[in-house]
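Enquirer: Each chain is listed here by its residues.
2 protein chains.
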Amino acid sequence: MTQNLDVCLTPALIPLYNVEDYIVVVIDIFRATSSICYGIENGAEAIIPVSEVEACAAYREKGFDHLLAAERNGEVVAGFDFGNSPFSYTKEKVSGKTVVLTTTNGTHALHLSRKAKKIVIGSFLNLTSLCNWLKTQNDSVLLVCAGWKNNFNLEDTLFAGAVVEQLKESGYTLDDPAMAANDLFQIGKNDISQYLSKTSHGERLKKLGIEKDIAFCLQVDITTAIPILDGEKLVKLV
Amino acid sequence: MTQNLDVCLTPALIPLYNVEDYIVVVIDIFRATSSICYGIENGAEAIIPVSEVEACAAYREKGFDHLLAAERNGEVVAGFDFGNSPFSYTKEKVSGKTVVLTTTNGTHALHLSRKAKKIVIGSFLNLTSLCNWLKTQNDSVLLVCAGWKNNFNLEDTLFAGAVVEQLKESGYTLDDPAMAANDLFQIGKNDISQYLSKTSHGERLKKLGIEKDIAFCLQVDITTAIPILDGEKLVKLV
Chain E
1 MTQNLDVCLT PALIPLYNVE DYIVVVIDIF RATSSICYGI ENGAEAIIPV SEVEACAAYR
61 EKGFDHLLAA ERNGEVVAGF DFGNSPFSYT KEKVSGKTVV LTTTNGTHAL HLSRKAKKIV
121 IGSFLNLTSL CNWLKTQNDS VLLVCAGWKN NFNLEDTLFA GAVVEQLKES GYTLDDPAMA
181 ANDLFQIGKN DISQYLSKTS HGERLKKLGI EKDIAFCLQV DITTAIPILD GEKLVKLV
Chain V
1 MTQNLDVCLT PALIPLYNVE DYIVVVIDIF RATSSICYGI ENGAEAIIPV SEVEACAAYR
61 EKGFDHLLAA ERNGEVVAGF DFGNSPFSYT KEKVSGKTVV LTTTNGTHAL HLSRKAKKIV
121 IGSFLNLTSL CNWLKTQNDS VLLVCAGWKN NFNLEDTLFA GAVVEQLKES GYTLDDPAMA
181 ANDLFQIGKN DISQYLSKTS HGERLKKLGI EKDIAFCLQV DITTAIPILD GEKLVKLV
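Going line by line, the protein sequences match chains E and V.
At position 33 of the first sequence the residue is numbered 33 (the working numbering), and the sequence of numbers has no breaks.
At position 117 of the second sequence the residue is numbered 117 (the working numbering), and the sequence of numbers has no breaks.
To be clear, the hints were calculated from the coordinates, so they are not data collected in a lab.
Take these hints with a grain of salt, some might be off.
Claimed, not checked - Heads up, simulated BS3-like pairs for lysine-lysine below, C-alpha to C-alpha not over 30 Å straight-line:
(1) E/Lys206 with V/Lys168
(2) V/Lys168 with E/Lys198
(3) V/Lys115 with V/Lys212
(4) V/Lys135 with E/Lys198
(5) E/Lys149 with V/Lys118
(6) V/Lys198 with E/Lys189
(7) V/Lys207 with E/Lys168
(8) V/Lys149 with E/Lys117
(9) V/Lys149 with E/Lys149
(10) V/Lys198 with E/Lys168
(11) E/Lys168 with V/Lys189
(12) V/Lys236 with V/Lys91
(13) V/Lys115 with V/Lys62
(14) E/Lys206 with E/Lys149
(15) V/Lys117 with E/Lys198
(16) V/Lys212 with V/Lys149
(17) E/Lys118 with V/Lys149
(18) V/Lys198 with V/Lys168
(19) V/Lys93 with V/Lys62
(20) E/Lys168 with V/Lys206
(21) E/Lys207 with E/Lys91
(22) V/Lys115 with E/Lys149
(23) V/Lys168 with E/Lys149
(24) V/Lys198 with E/Lys198
As the list claims (entries may be wrong) - Quick look at which bits of chain E chain V covers, simulated, 3 or more residues with Cβ under 8 Å:
(25) 6-13
(26) 103-114
(27) 146-152
Nothing here was measured: the structure is a model prediction, and the numbers come from that model.
Quick reminder that beta carbons are idealized off the backbone N, C-alpha and C, glycines included.
Extracted from the complex, chain E is given alone in its bound form (with noise of 0.2 Å):
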């Protein structure tokens, strides 16, 4: 078995691989991908990730009856229905309905992925759900860390050592990223929201009063559905 488990640390870094190589997993765990697995699982019929705001905005004007959801530094762009706090996609919300969605920096790497063999969406609330599938494939995995402003950040990577931790055990060759990422995880754990307190995001999240939506995105397992992009659009895999 030759498959590799990479951890692209930030999209900065995304020309550095061989995406068509690749099963994609892109993360942004505050709060874009979380709240794209919430979604989907809650009956979302698609969610479209755009990278421009006013992308997002071309959507009513084209008079589709979409929900528009539109995020820049964490905060919801006046005019849109919602941004990206997971408490947005409840199924009274969304179920039956098509999302479009630009984020900070959650679009931007899904868009840098584009080239992969498939490209799936990865959250805390879907982990072990995701983990099982991937173990199923017989392909290399790259897992896309979203981060902060294209640098690294603690929360995605940690999680990317989540996956990690439950893909190591089947084989796949790690990569130094990877390996770093799983050792963060081991340290972190134990109480991952009191690890990630620490960080800077962490820190911007606080000031934006969105403490809700952080321990929201840390549950682990809560949904099952796995985010697929099929063209345009994250559908449910089936």
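Chain E is fixed; fit chain V onto it per the hints.
Expert: Relative to chain E, chain V alone:
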């Protein structure tokens, strides 16, 4: 005090920092910055880092009486005096001489950091001396890991974590990569050699038959000289 202690995990991420706000420490543990520290300690008048083998060769054509050190992918380039094994930087070989050095990763990081307030060279060899000097400076510090082919590697990050360990009680604000590097150092510090033996680069270097070099580069505090960039040359900080 508002000094930052930040870690740039790979040269690819240097553009994310305003390097002109920092004292930059360039780190390429296996083996460039270890050898530079050892060479400057042993009385080399200067070490001139260059990016390209051709630029290194040009010094011979210009008629300079310099030692020429050229390495690519861990091996000495044919026709050059030596590469970057620390054992080539003994007192007998380099005392009073100028060495022109090109390496795979270290020089790359140095050149990308040019605009920094000061650029100094770090390795386990001069760890405490370097940290003690940094503490006397009223400046933010950016630890730049040379990495491997623009990506993250464990040995450079672990060393960055060792520097963080000595500075973190001095009031700096740490970024996420600095926290992660320090956590990794906590895991590896009791047996750095054992910890690093699992890494991809360690494997690569073992194949090149340079285990002796690796062991040498992991010696802590056997030198006190701090190489600093002065124009185009690395010289001893006085």
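Enquirer: If a hint holds in the structure, say so; if it does not, say that too.
Expert: Checked hints:
no.	hint	verdict
1	E/Lys206 with V/Lys168	holds, 23 Å
2	V/Lys168 with E/Lys198	holds, 14 Å
3	V/Lys115 with V/Lys212	violated, 35 Å
4	V/Lys135 with E/Lys198	holds, 23 Å
5	E/Lys149 with V/Lys118	holds, 26 Å
6	V/Lys198 with E/Lys189	holds, 22 Å
7	V/Lys207 with E/Lys168	holds, 24 Å
8	V/Lys149 with E/Lys117	holds, 24 Å
9	V/Lys149 with E/Lys149	holds, 22 Å
10	V/Lys198 with E/Lys168	holds, 14 Å
11	E/Lys168 with V/Lys189	holds, 23 Å
12	V/Lys236 with V/Lys91	holds, 15 Å
13	V/Lys115 with V/Lys62	holds, 28 Å
14	E/Lys206 with E/Lys149	holds, 18 Å
15	V/Lys117 with E/Lys198	holds, 29 Å
16	V/Lys212 with V/Lys149	holds, 23 Å
17	E/Lys118 with V/Lys149	holds, 26 Å
18	V/Lys198 with V/Lys168	holds, 27 Å
19	V/Lys93 with V/Lys62	holds, 21 Å
20	E/Lys168 with V/Lys206	holds, 23 Å
21	E/Lys207 with E/Lys91	holds, 28 Å
22	V/Lys115 with E/Lys149	holds, 22 Å
23	V/Lys168 with E/Lys149	holds, 24 Å
24	V/Lys198 with E/Lys198	holds, 28 Å
25	6-13	holds (count 4)
26	103-114	violated (count 0)
27	146-152	holds (count 5)
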